[in-house]
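Same order as they appear, the protein sequences are chains A and B.
Residue numbers for the first sequence follow the working numbering, so the first one is 1 and each next one is one higher.
Residue numbers for the second sequence follow the working numbering, so the first one is 1 and each next one is one higher.
Only true hints are included.
Any copy will do: because identical chains look the same in the list, a pair fits if it lies in one copy or spans two.
Straight line, CA to CA, 25 Å or less: simulated DMTMM-like cross-link-like pairs of lysine to aspartate or glutamate: (1) 347 x 299; (2) 347 x 55; (3) 258 x 111; (4) 59 x 134; (5) 291 x 134; (6) 62 x 134; (7) 61 x 134; (8) 291 x 140; (9) 291 x 339; (10) 59 x 143; (11) 58 x 134; (12) 304 x 176; (13) 325 x 143; (14) 258 x 65; (15) 291 x 336; (16) 36 x 65; (17) 169 x 314; (18) 322 x 176.
The hints are simulated quantities; they were obtained by calculation from the structure and are not laboratory data.
Number of protein chains: 2
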Amino acid sequence: MKKTIQAIILLTFSISATANWFNDDKQKPTQQQEQKTYTLKLAETWPSNFPIFGDTPKKFKKLAETMSNGRLKIRIDSKNKHKAPFGIFDFVKSGQYDLGHSASYYWKGKDINTLFFTSMPFGMTTFEQHAWFEYGGGQELMDKVYAKYGLKSIIGGSSGNQMGGWFQKEINSIADLKGLKMRIPGFAGEIMAEVGAKPINISPGELYTALDRGTIDALEWIGPSLDLRMGFHKIAPYYYTGWHEPGSELQFLVNLKKYNSLPKDLQTILISAMKLSAYQMYDQSEHESAKNWATMKKDYPNIKIRTFPKPVFDALRAANDKLLKKLAASNPLSKEIIESQTNYLRKIRAWTAISDQAYLNSQSK
Amino acid sequence: MKKTIQAIILLTFSISATANWFNDDKQKPTQQQEQKTYTLKLAETWPSNFPIFGDTPKKFKKLAETMSNGRLKIRIDSKNKHKAPFGIFDFVKSGQYDLGHSASYYWKGKDINTLFFTSMPFGMTTFEQHAWFEYGGGQELMDKVYAKYGLKSIIGGSSGNQMGGWFQKEINSIADLKGLKMRIPGFAGEIMAEVGAKPINISPGELYTALDRGTIDALEWIGPSLDLRMGFHKIAPYYYTGWHEPGSELQFLVNLKKYNSLPKDLQTILISAMKLSAYQMYDQSEHESAKNWATMKKDYPNIKIRTFPKPVFDALRAANDKLLKKLAASNPLSKEIIESQTNYLRKIRAWTAISDQAYLNSQSK
Numbered sequence: 001m002k003k004t005i006q007a008i009i010l011l012t013f014s015i016s017a018t019a020n021w022f023n024d025d026k027q028k029p030t031q032q033q034e035q036k037t038y039t040l041k042l043a044e045t046w047p048s049n050f051p052i053f054g055d056t057p058k059k060f061k062k063l064a065e066t067m068s069n070g071r072l073k074i075r076i077d078s079k080n081k082h083k084a085p086f087g088i089f090d091f092v093k094s095g096q097y098d099l100g101h102s103a104s105y106y107w108k109g110k111d112i113n114t115l116f117f118t119s120m121p122f123g124m125t126t127f128e129q130h131a132w133f134e135y136g137g138g139q140e141l142m143d144k145v146y147a148k149y150g151l152k153s154i155i156g157g158s159s160g161n162q163m164g165g166w167f168q169k170e171i172n173s174i175a176d177l178k179g180l181k182m183r184i185p186g187f188a189g190e191i192m193a194e195v196g197a198k199p200i201n202i203s204p205g206e207l208y209t210a211l212d213r214g215t216i217d218a219l220e221w222i223g224p225s226l227d228l229r230m231g232f233h234k235i236a237p238y239y240y241t242g243w244h245e246p247g248s249e250l251q252f253l254v255n256l257k258k259y260n261s262l263p264k265d266l267q268t269i270l271i272s273a274m275k276l277s278a279y280q281m282y283d284q285s286e287h288e289s290a291k292n293w294a295t296m297k298k299d300y301p302n303i304k305i306r307t308f309p310k311p312v313f314d315a316l317r318a319a320n321d322k323l324l325k326k327l328a329a330s331n332p333l334s335k336e337i338i339e340s341q342t343n344y345l346r347k348i349r350a351w352t353a354i355s356d357q358a359y360l361n362s363q364s365k
Numbered sequence: 001m002k003k004t005i006q007a008i009i010l011l012t013f014s015i016s017a018t019a020n021w022f023n024d025d026k027q028k029p030t031q032q033q034e035q036k037t038y039t040l041k042l043a044e045t046w047p048s049n050f051p052i053f054g055d056t057p058k059k060f061k062k063l064a065e066t067m068s069n070g071r072l073k074i075r076i077d078s079k080n081k082h083k084a085p086f087g088i089f090d091f092v093k094s095g096q097y098d099l100g101h102s103a104s105y106y107w108k109g110k111d112i113n114t115l116f117f118t119s120m121p122f123g124m125t126t127f128e129q130h131a132w133f134e135y136g137g138g139q140e141l142m143d144k145v146y147a148k149y150g151l152k153s154i155i156g157g158s159s160g161n162q163m164g165g166w167f168q169k170e171i172n173s174i175a176d177l178k179g180l181k182m183r184i185p186g187f188a189g190e191i192m193a194e195v196g197a198k199p200i201n202i203s204p205g206e207l208y209t210a211l212d213r214g215t216i217d218a219l220e221w222i223g224p225s226l227d228l229r230m231g232f233h234k235i236a237p238y239y240y241t242g243w244h245e246p247g248s249e250l251q252f253l254v255n256l257k258k259y260n261s262l263p264k265d266l267q268t269i270l271i272s273a274m275k276l277s278a279y280q281m282y283d284q285s286e287h288e289s290a291k292n293w294a295t296m297k298k299d300y301p302n303i304k305i306r307t308f309p310k311p312v313f314d315a316l317r318a319a320n321d322k323l324l325k326k327l328a329a330s331n332p333l334s335k336e337i338i339e340s341q342t343n344y345l346r347k348i349r350a351w352t353a354i355s356d357q358a359y360l361n362s363q364s365k
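The task is simple: from the sequences and hints, build the whole structure.
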């Protein structure tokens, strides 16, 4: 998912810190507000017509415009237009754009606590994490992180459980990871480095050739929903199951000053249209993954599905725990978020184990 | 979930068949419509303040009223008021109520094809079924079934994967099911009868006593989210994992004539508020199940989680397939829906197997 990070130089905007404009004033719109049209500009990380990810802001736009009877107008600029896919946070913070569609963990260089709201290695699946966001305190923690930048972050759609990636060789022990050149960015890349692998940054357009020529031994991308078009299944025989992004959630960003200037009905339309588009993106991801996986298997029946053996997971998990411990020690809010996620995961996974997991296992014997 | 069916005598309304009013006219609202207030009456199957299920229409009401700036007023009547929990279909069909909140499979006596839109034994999980509804043709099939009654049905929230029930004795073979007196209504009850069990109808208020005194040997209810308050864990040691309702989805019902009389913006607000409330009910169900399961385990650490052995599932599945085959042969639309669900399940389960299922299994070794 973090596919184009390394391809683009982050444009940095020099912006004075914005105040926290959030207020909970639930006044009815005045007659003037009721007739006023608000044009909101949205900047997305994705290129024009990027499937699934890019469909989500379009769905949001249509819902918001129809529900508001045209009082909200949403103008979407893709990266082709604004040229700064990783400038979304700054765009919306400064008010240059009112809204954004991106992924929270792209901003970890600005604020480490934005890291936790996309997907964490060994963390929650999408349906577990949605419960955390809505009922387990996740949204409140995300508000705490973003409010100080004058921003509100709302769930932006899940890609589902991301696959562990395409490998040229089987991974049978931790020794097989030593020196393995793999395209795997972000926090998962740090974990891989911790156990001796060599995370390498390669731009998306060059990934296929790099894997084909052995410049890299492995790479992770997303899953069948978006891997099919990349063609990796034609050149790498092993497709590993996921562990590093078990439920990657995108984000909508909202400039709070602009949000607070809207009448209450349009505020609710805005947030509801975002959330509904987000839930439906998860449906779309699952649908596209199912469809594309069937196509891949049909055309390339020899794709070998593998899962890392337990000792490999044990080492990766130990590295993960070590890095999280370091994070928690360095920042009280990080500690609070890590504890919330860890406790919630423990509780909800015990339920998943006797419900969906037990059911799926009983039917695949 | 089908908890109160047997407790209440279905009130039948004598209504002339309503025409199919559905039209796709996407006109902008006139100025008159823009100012008009529409009061919509909703009848729900649930008693007042029934948790989770009953919270969903309340959430819908709040969203619809706020987004419409009061132009939509929703009045909710619970079963305490209208006295006919299984009269919702007829209420909304006749226009006595504009909206309903219930479950599609309650209407199988009126139209067998309503059976398929809640949850089918050995069928899809909630996240699989949501993809089917939104992207796999599920909504279109549901429209086909309901349009001839002048109704529209929209997803109404999932209870998650329902547990297989509370048992006094362990089930080690199909012989243990012969003569087993179990409270298990609906299609799953028919499957159980097919393999020799004795499905028995007992009103919800008497279930605890019946299980305690041995009038029945087992019962299914919902899952930890709503089982905790029933207290079954205090008297039945075995809690079986689910197979008969792997993703039970409630439904909103809409009177199409009323729907078509609304301006386009309010139509979209109505449907969006329903869908968003539905997705969030699934989050709430997962959250409450996780929380209540932790409580049950803490207070009664000896609850024994069991899964039917493979030969038992094989027999139940054979019975299920036989009953479905009979249904498909008797009705062309049943055949179309069964084929759509069977094909979609095959495709999406292959994806679930290498994504969420593989991940969950790799982390619980």
